[in-house]
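Participant: Sequence:
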Amino acid sequence: MKLLKFIMLFSAIVFVNPMFSQQIKGVVTNQAMQPLEAAYIYNLHSKSHAHSSENGVFIIDDCVIGDSLKIGLLGYKNAYMVVKDFSFNLKQTIVLEEKSFQLSELVINETVNPVSTISRLDLKTNPVNSSQEILRKVPGLIIGQHAGGGKAEQIFLRGFDIDHGTDVSLSVDGMPVNMVSHAHGQGYSDLHFIIPETVNKIDFGKGSYYAERGDFATAGYVNFSTKDYLKESSIGLTVGDFNTLRTLGMFNLLEHDADKNAYIATEYIATDGPYESPQNFNRLNLFGKFTSYSPNNDKVSVTLSHFTSRWDASGQIPQRAVDDGSITRFGAIDDTEGGNTQRTNFNVEFNKHVSDHSMLKSNAFYSHYGFELYSNFTFFLEDPINGDQIKQQEDRHIFGFNTALSHEFLLDDVELTMTSGVSLRHDIVNDIELSHTLNRKTTLEQIQLGDLNQTNMSAFTNAQFDFGKLKIAPALRLDYFKFMYNDELQDTYSTKAENKTIVSPKLNFYYDALTNLQVYLKSGLGFHSNDTRVVISQMGKDILPRSYGVDLGSVWKPFPKLILNSALWYLFLEQEFVYVGDAGIVEPSGKTERYGADLGLRYQLTDWLYFDTDATITHARSTEDTDGENYIPLAPDFTWAGGIAVDNLDGFSGGMRYRYVDDRPANEDNSIVAKGYFVTDMNVNYSFNKVTLGVIIENVFDTEWNETQFATESRLFNETAPVEEIHFTPGTPFFIKGTISYKF
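Under mature numbering (1 follows the signal peptide of the UniProt record, and there is no 0), residues -21 to -1, 1 to 723 are what the sequence shown spells out, in order.
These aren't lab readings, by the way, just hints derived from the structure by calculation. Careful: at least some of the hints might be erroneous.
Said to hold, decoys possible - No more than 25 Å apart at the CA atoms, straight line, and that leaves these computed lysine-lysine pairs for BS3-like: (1) Lys26 to Lys70; (2) Lys26 to Lys56; (3) Lys520 to Lys103; (4) Lys26 to Lys103; (5) Lys520 to Lys461; (6) Lys56 to Lys180; (7) Lys4 to Lys56; (8) Lys239 to Lys70; (9) Lys206 to Lys722; (10) Lys206 to Lys103; (11) Lys450 to Lys475; (12) Lys70 to Lys103; (13) Lys448 to Lys116; (14) Lys49 to Lys239; (15) Lys56 to Lys206; (16) Lys475 to Lys461.
Said to hold, decoys possible - What follows is a set of in silico ranges between Cβ atoms, one per label pair, in the way DEER data are often shown: (17) Ala438 to Leu500: 24 to 30 Å; (18) Glu255 to Leu457: 51 to 57 Å; (19) Lys78 to Phe667: 18 to 24 Å; (20) Leu417 to Glu467: 17 to 23 Å.
Keep in mind that this is a model prediction, so the values were computed, not measured. We put the CB at the ideal spot given by N, CA and C, even for glycine.
Whole structure, please, built from the sequences with the hints as guidance.
Facilitator: As structure tokens, this is what we get:
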């Protein structure tokens, strides 16, 4: 009898239980049958849960016949599914219906990445309409333009004057934006090849805590993901002050094929700007993307894009020339500055479900990039006859790939997700040049000229242990660099080379203290590479400066329609030697430390009215200089940005945005101060049928402000001695534009 009972019990476990406690596989899509990422699938009976992958695929365990599944995603109506006997044998398709965002529906411990969800809300309620605004979507990040609209923006984040990208890693669909060993400066990041209306998602992280992010990811990283499909085609026209014109076309090429998507987008911009010497700026962007899904929801995307831009710039001007009436704020000392740049990109992305619990994500890319810039920062300091104009030029090819494999394990009751990956990036830069020129036409002296090759191979592994409320994520990253340089100004051919390897450990903790409160502690070592010409001159010493960082923060939803995210942070950066692209010299940069606090707030006042604000306070100092002489030039100590937005109120939408930067030191002893500013922009749109009319106003209150500024020693033509003072690019005055678009 006992044997019979044992056999019956064993049979029940082996044969009956799989019938009643099994996996359900499916895909979550929107009404256009396009996959939705990060949807939360929850079994109301067994309490098991899962999230949909980037391809919309999910697998949920512990399901039996009769269970009910709840499927939800912010911005969509919840869907429910009752488990039937056939649910285990067929892939389920869950279609979610889009609706307005409701912050009250957001549950923090059900969200894969609460901070990225906040950025998705920002992008939905405050759509971007210029490439400059894309970076402003990252909380706490401030930008400035200072060369006629064609140069990459100057970036400020967490007490860093990042210049054009030295300490923040930027990428688009996994393709790097930062340029290593660039003619103008290390990490130069020109995002103007992005058409803002093609951006689908902004993924960002502050600090050096992410193993999949390597070079330049010291203050943080930002990755932009472009749309896989268009809901509908559209054309648009914008006209405004200063002979400003923008045209936009976005065309859906495969409207009725759920498994394949293809679209093209084009943008043309022209403006003279507010300056007395016209900028003559124009830019053309072309973008195309094809995406295909297999029956197993594996995804292949192919992207091809090209952009070209040219401009004349009034450049930075000295405050003394404005004060004595020699020029106005919108005048110029050397109006022959300017330049042109081009970039062509080819990117292939492949996402595959290797098994039920394994995901492979890869991309391979190629870019061809050209750059030519004419600048004059010091006027007649070095050459009192011809002036100090310089030319920086290069022609670059970039090849590379990224691939990562994620696998989910169950160790007793602990869920473990292992992600490991490898990457390769190879830059071939021909005729990278720094020359002393006159009126863009005559080369007076070649200061630097050469060819360089730089290779970065990397590998990382990240483990996330999920103990329920507590997640622990140790990680390790390995980077190998090879630098090669051939100086074309030498009489004999000689290629100089150096190799360098660096290991970067990370350790992060996440704790769900409450349903709507997550506390985290992040720590890690990061680095940024340096210019190949520095590496060669220093024989490989002090050329991969480490950063040491830690964050203690939280994401908290104290009330149904209010979200707060906050962090206390610290960052230390080692001594390094820096190549000064504007002078062609190498100079030391000492050890620095920064610490501060971030605070972000999102509040939904009504179904259609949203408020947001982000503030960062920072203490940034050199650790090797005496008090009073240890300021870090241009490091902002307080930034504040936010606004209010209306989303679809009887056809109306729009908002008002503000940004504030406090006064900050322009030199090491704070004897020269870069003045702060508070600037407000606004936009109003009205949609009817398929037409949208809009008005955009930049600098609503016509504030007099300096967009970028530097402490520079210069000499004017009629001066006998140089003067060090603030040199600035004036910020845009009151600037109104009208828009019209049509969807079809």
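Participant: Below or equal to 25 Å on CA atoms is what counts here, so check Lys206 against Lys722.
Facilitator: Between Lys206 and Lys722 the Cα gap is close to 17 Å, so the pair holds against 25 Å.
Participant: Verify the CB-CB distance for Lys78 and Phe667 against the hinted window 18 to 24 Å.
Facilitator: Between Lys78 and Phe667, where Cβ atoms are some 21 Å apart, the hint holds.
Participant: Would you check the hint for Lys520 and Lys461, treating anything up to 25 Å between C-alpha atoms as holding?
Facilitator: holds (14 Å)
Participant: Check the hint pairing Lys520 with Lys103 against an upper bound of 25 Å on the C-alpha distance.
Facilitator: violated (47 Å)
Participant: What's the verdict on Lys49 and Lys239, does the C-alpha distance respect the 25 Å limit or exceed it?
Facilitator: violated (28 Å)
Participant: Has the given pair, Lys26 with Lys56, been kept, meaning a C-alpha gap of at most 25 Å?
Facilitator: Given pair Lys26, Lys56 holds - Cα atoms ~20 Å apart, limit 25 Å.
Participant: For the pair supplied as a hint, Lys56 and Lys180, confirm whether the alpha-carbon distance does not exceed 25 Å.
Facilitator: holds (20 Å)
Participant: Quick one, are Lys26 and Lys103 close enough, alpha carbons at most 25 Å?
Facilitator: violated (31 Å)
Participant: Holds or violated: Lys450 with Lys475, Cα cutoff 25 Å?
Facilitator: violated (46 Å)
Participant: Against the 25 Å threshold, does the CA-CA distance of Lys239 and Lys70 hold or violate the hint?
Facilitator: holds (19 Å)
Participant: Hint says 24 to 30 Å; check whether the CB-CB distance for Ala438 and Leu500 agrees.
Facilitator: holds (25 Å)
Participant: For the pair we were handed, Lys70 and Lys103, check the Cα-Cα distance against 25 Å.
Facilitator: Outside the cut-off at roughly 31 Å; violated.
Of the numbered hints listed earlier, those contradicted by the structure are 3, 4, 11, 12, 13 and 14.
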